[in-house]
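Assemble chain B onto chain A, guided by the hints.
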Amino acid sequence: MAVVRAKGFSHYFGATQTLNKISIEINEGEILGIIGPAGSGKSTFLRALNRLNDLVPGSRVEGLLEVQGRDIYAPETSVVELRRKLGMVFATPVPLPRSIYENIAFGARLAGVRNKQQLDDLVEDSLVKTALWEEVKDRLEQSATKLSGGQQQRLCLARILALQPDFILLDEPSSGLDPVSTMKIEESLRQLKKDYTIVLVTNNTKQAARVTDRTAFFLTGELVEVGETGAMFTAPSDSRTNDYISGRFG
Amino acid sequence: MRLNPKKEQLIARAVLWAFTLFTVFILVFIILYVLKKGLPVLNSSFLTKNPENMGKAGGIFSPIIGTLALTSMAILIATPFGIGTAIFLTEYTAEGRLTRIIRFGSECLAGIPSIIFGLFGFILFVTKLGFGWSILSGGLTLAFMILPTIIRTGEEALRSVPQSFREVSFSMGGTKWQTVTRVVLPSALPGIATGVILSVGRSIGETAAVIFTAGSALRLPTSLFSSSRTMSVHFYILAREGISMPNAYGTAAVLIIAILAINFAAYYLMNRFIKRYS
Numbered sequence: 005m006a007v008v009r010a011k012g013f014s015h016y017f018g019a020t021q022t023l024n025k026i027s028i029e030i031n032e033g034e035i036l037g038i039i040g041p042a043g044s045g046k047s048t049f050l051r052a053l054n055r056l057n058d059l060v061p062g063s064r065v066e067g068l069l070e071v072q073g074r075d076i077y078a079p080e081t082s083v084v085e086l087r088r089k090l091g092m093v094f095a096t097p098v099p100l101p102r103s104i105y106e107n108i109a110f111g112a113r114l115a116g117v118r119n120k121q122q123l124d125d126l127v128e129d130s131l132v133k134t135a136l137w138e139e140v141k142d143r144l145e146q147s148a149t150k151l152s153g154g155q156q157q158r159l160c161l162a163r164i165l166a167l168q169p170d171f172i173l174l175d176e177p178s179s180g181l182d183p184v185s186t187m188k189i190e191e192s193l194r195q196l197k198k199d200y201t202i203v204l205v206t207n208n209t210k211q212a213a214r215v216t217d218r219t220a221f222f223l224t225g226e227l228v229e230v231g232e233t234g235a236m237f238t239a240p241s242d243s244r245t246n247d248y249i250s251g252r253f254g
Numbered sequence: 157m158r159l160n161p162k163k164e165q166l167i168a169r170a171v172l173w174a175f176t177l178f179t180v181f182i183l184v185f186i187i188l189y190v191l192k193k194g195l196p197v198l199n200s201s202f203l204t205k206n207p208e209n210m211g212k213a214g215g216i217f218s219p220i221i222g223t224l225a226l227t228s229m230a231i232l233i234a235t236p237f238g239i240g241t242a243i244f245l246t247e248y249t250a251e252g253r254l255t256r257i258i259r260f261g262s263e264c265l266a267g268i269p270s271i272i273f274g275l276f277g278f279i280l281f282v283t284k285l286g287f288g289w290s291i292l293s294g295g296l297t298l299a300f301m302i303l304p305t306i307i308r309t310g311e312e313a314l315r316s317v318p319q320s321f322r323e324v325s326f327s328m329g330g331t332k333w334q335t336v337t338r339v340v341l342p343s344a345l346p347g348i349a350t351g352v353i354l355s356v357g358r359s360i361g362e363t364a365a366v367i368f369t370a371g372s373a374l375r376l377p378t379s380l381f382s383s384s385r386t387m388s389v390h391f392y393i394l395a396r397e398g399i400s401m402p403n404a405y406g407t408a409a410v411l412i413i414a415i416l417a418i419n420f421a422a423y424y425l426m427n428r429f430i431k432r433y434s
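These protein sequence lines map, in sequence, to chains A and B.
For the first sequence, the numbering used here puts the final residue at 254, and the numbers step up evenly by one.
For the second sequence, the numbering used here puts the final residue at 434, and the numbers step up evenly by one.
Treat the hints as calculated values from the structure; they're not laboratory data.
Just so we're clear, the structure is a prediction, and the values are computed from it rather than from any experiment.
Watch out, some of these pointers could steer you wrong.
Some chain A residues near chain B, calculated using beta-carbon distances under 7 Å [as the list claims (entries may be wrong)]:
1) L56
2) V60
3) P61
4) V84
5) R87
6) R88
7) V98
8) G111
9) L114
Examples of chain A residues lying across from chain B (beta carbon under 10 Å, computed) [said to hold, decoys possible]:
10) R51
11) L59
12) A78
13) T81
14) E85
15) L90
16) P99
17) R113
Ideal Cβ positions, reconstructed from N, Cα and C, are used throughout, including at glycine.
Excised from the complex, chain A in its bound form (with noise of 0.2 Å):
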């Protein structure tokens, strides 16, 4: 079941567009790789779906953009529960300064949860989830910024799953990490497929092979082809995918 829909969806930057009508649909369930090369509008239209180019001033969409059967940009939306549902772990992981615990009840705190009890469990469900439970129990008071660069971004994709999100958006999340951090993240991931929605934008496109069911890839600002992650990557239908793929350019 679609449970994104874009239909002929644009996006600018002030006079420069970024995303050019784009149409495409995401599955309940399922890891949807976005690759492109840089500039390619693979993280604007990401940072579409929770609305986080709000922030830069001169933002404005056209077409149409569906989240679980609702337009997004429609005036009555609320943008705060929108972004609770897509959680978003960033390319360079962001640790806010103050303790592991802190940051992963983040989330519960702005929606005004005080219960002890229920961050706590919160806390521990979901460090474990994210398999950062055993490293790090003994200290969830001390500084998150001291963990490292991998257990930071493990930390952020935990402070994520504690808004309990129906979707989780990545933008680049391994980009920064070592092999081993990045396949404890992708590992992640996969236990993850069982109950969310991944939206993973990567421009290691043998991490969007490994890891995902179906990819798209975008280039300037379109997408040029979506399809199973398997045949896409054997058999491309486009040539300038097969291109990207196989190292011509990007």
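Structure of chain B alone, referenced to chain A:
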């Protein structure tokens, strides 16, 4: 011609060292000189007795209270207004004509000599609004004077908080207000506190603006409408009118010790805060 790199390094090091040494020397000299002249008259009765005979005898209890009252009043008024303005300028408006005008205005305000603030406070608060020479008039005038410093340092502190922190907060469903109060302000607090501490120092040391607005009464102030002199004004009058140089130096010593103590305490607290939040 190019110097031998080793020689260049040696000369640069020597010259920069000399400059630094000179600066530190002047600072230490002033502090030691004032303390040497002032410490001999310091004792518990100097701190706890009111001035007698125009300040020739007795202590400086009422000027200490006057200083405390004026400074706290100025800080209590200027801090919320200043931080509020800084938050508005950095978080709630896009950079544009309006912010440039406001910023330009506040910078001009920062460049105005304090005696002009004194005159302004005298005309507005003392005469027009009828507060008379009082702690209220003086505190309000000082608040205006330190406002630009608090706005400026506040703005810089807020701006130095990484944009990514805000993105994280927004992306997790934080509202603007939650983002500002829970993420941006805690991270900017050390910088904001620096501005407030600088302002405390300026208020304590200010003489010209205060003499016009708070007057120079020697009695212990009893309300916001009492006239009161601060330590700086007391020092100025004692020295200017040749009433008592030893007591003037005693006052100066107390002033310097107070400012040093405030700085040390503030930096200690700030370090503890930074440790907790990073």
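request  = Could you work out which earlier hints the structure fails to respect and list their numbers in ascending sequence?
outcome  = Those not satisfied are hints 2, 12 and 13.
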